[in-house]
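Protein chains: 2
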Amino acid sequence: VTDEFTAGRLEPGVIHTFAGGTLDRAAHLRSDGSRIAELLDSESTRFLPFRGLDPLIVAGSPPALGWLPRGDIEGLLEVELAALFVGFEDDAARFAIALPEQECDTPVADGSSFRGVREVAPLLRIPDASLVAMGRSLAAWNATHGHCAQCGSPASMIDAGHARRCTDDSCGAVQFPRTDPVVIMLIHRDGQCLLGRAIRAQRYPPGLHSCLAGYVEPGESIEEAVRRETWEEAGIRIGHVRYHSSQPWPFPSTLMIGCLAEALPGEARVDPAELESVRWFTREELQVAVERWDVDGVLRVPPPLTIAHQLVKAWLAEGSGSDWPRP
Amino acid sequence: VTDEFTAGRLEPGVIHTFAGGTLDRAAHLRSDGSRIAELLDSESTRFLPFRGLDPLIVAGSPPALGWLPRGDIEGLLEVELAALFVGFEDDAARFAIALPEQECDTPVADGSSFRGVREVAPLLRIPDASLVAMGRSLAAWNATHGHCAQCGSPASMIDAGHARRCTDDSCGAVQFPRTDPVVIMLIHRDGQCLLGRAIRAQRYPPGLHSCLAGYVEPGESIEEAVRRETWEEAGIRIGHVRYHSSQPWPFPSTLMIGCLAEALPGEARVDPAELESVRWFTREELQVAVERWDVDGVLRVPPPLTIAHQLVKAWLAEGSGSDWPRP
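Each protein sequence line maps, in turn, to chains A and B.
Quick note: the first sequence uses the numbering used here, first residue 1, plus one each step.
Quick note: the second sequence uses the numbering used here, first residue 1, plus one each step.
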């Protein structure tokens, strides 16, 4: 997260981890088979292998992406490589290479290793984390959409990994990568915030609470999804909703839509199917939790990588008193 | 679109067609098979048939949704009915019924007919249009996802239409309804707006221009998608991006994310693969076009049903001078 304008993006304010890409996606080339074939063969093209969904990373400070030239990936594996065109950076074409998880004994160069995206993303340069997010989401989608949802026949990759077409000509349905919109909301009232602890929290650190969140459903706006989810999960009605910022989240591919949501009067109650607990926290508790996010406690918030963390920080930064300026 | 708070929703400002639902979706009941079975059998439950993706509508002013009791839908068709649970309204459980398009000679009651959603939505009450959007999107998703994308086996409906599970137990993958986030942007500079005419515009009325728009891709935020699409389609760089409002769009199921986007200096150029033309329009031209949206002309804007129309209106309403208040 930075307050600076990212090169070429001119985004004032918040840049979340996984946003802030500087890649030229060159989307018009995806369907140009002969140009893609040329780029795949070019000396200057670079390839980033993902094993399973973990990118190759070169140790360092910061760690770098393990870009390989054509010669190196041919030797890397004997299996068929799925090359996903992600665009151009520094005048070189870039592809993500999706390697099957089974092929995990592949030796890589000293100082390089396949690393989980959650663990490595906070260490990467902002544009590198964004590129990893795009590659991981594309690789995950291709890996789980080998068949046509319409008729069940095998579907083959087209558009350099940005679509898949049914191989049965009588069907021929084309599918595109899926990105699921999710609302995530900082719910506040009278200088306090409502955070919840998910029931899957057995594997969460003690004290971890986060913003409520949920998928946007068919037939509802962002603001309506915020209201429905808050009502379902915590029994609280929401008045004004204000969009704050958004974050691509590559697990496997959601668009996190961050909002500040003003709670109306009423007692919170937990939906036991979703949450272990839900609680109001004071500004002081949140201030401590944001500073000590990596320490267990009565309240622990998610790490800075997450939009939940950034929404709490944004709300704290807006100062006390009335919850925000009314239009 | 209304400035009033919708009952139970407290949404100030803009309510787009297809938003403004008043349904209690009762999502926790979807996976409760015995409760759903009870509701399907209940005297008080009401069913809204969709033929293909067109809802049954009862003529009137406004037209009403063609809700039928259990007895009537059993007689309606002999084929297997897919009942999609949408929630509760007026204390009655509500299901959408997806009828195959082929079964189109079904007689319906006098004064009732299956009508296209684009045509009928502007005539419906706000909550009815929202319910139709939810039902249409759910029906469309179920109709096109009969198979498991992972392994190709048949996938059967679960959770009363809100998920589908692979019937091959060794796979068992579960898929959920898909909602694709799309950015749509009112691009402005020096008191003018940039609108484009799509190349599919052969079937569009003469003069029709609209806001640029495109799918949010993996690994990008809303603001980045606005910048990339505007650059790809019109060769214009964008500075500040401001979220305005969002609209569910049931053709078949997108979430339209409306933004106001400030253009940086530079000449517009058309992407011939996407647009027939792109042009700056003055405030005066837009004012006329919004008032006479149903009349062909040099400039014609989309109908009030669309977020594109509402974004133009919102920008006009903000007044002239500097494009908007800076933070």
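Some clues are possibly wrong.
Unchecked claim - Here are a few chain A residues that face chain B, going by a calculated C-beta distance under 7 Å:
| # | residue |
| --- | --- |
| 1 | T22 |
| 2 | N142 |
| 3 | H145 |
| 4 | G152 |
| 5 | S156 |
| 6 | G172 |
| 7 | V174 |
| 8 | R178 |
| 9 | P218 |
| 10 | Y243 |
| 11 | G266 |
| 12 | A268 |
| 13 | P272 |
| 14 | E276 |
Since the hints were derived computationally from the structure, they do not count as laboratory data.
No residue lacks a Cβ here, since even glycine has one placed at the ideal position from N, Cα and C.
Now the hints, each set against the structure:
1. T22: Nearest chain B Cβ about 10 Å off; hint violated.
2. N142: With a closest approach of 11 Å, the N142 (chain A) hint is violated.
3. H145: holds (5 Å)
4. G152: Because about 4 Å separates G152 (chain A) from the closest Cβ in chain B, which is inside the 7 Å limit, the hint holds.
5. S156: violated (13 Å)
6. G172: Because about 13 Å separates G172 (chain A) from the closest Cβ in chain B, which is outside the 7 Å limit, the hint is violated.
7. V174: violated (11 Å)
8. R178: holds (6 Å)
9. P218: holds (3 Å)
10. Y243: holds (4 Å)
11. G266: Violated, about 13 Å.
12. A268: violated (17 Å)
13. P272: violated (10 Å)
14. E276: Violated, because the Cβ-Cβ distance from E276 (chain A) to chain B comes to roughly 17 Å (cut-off 7 Å).
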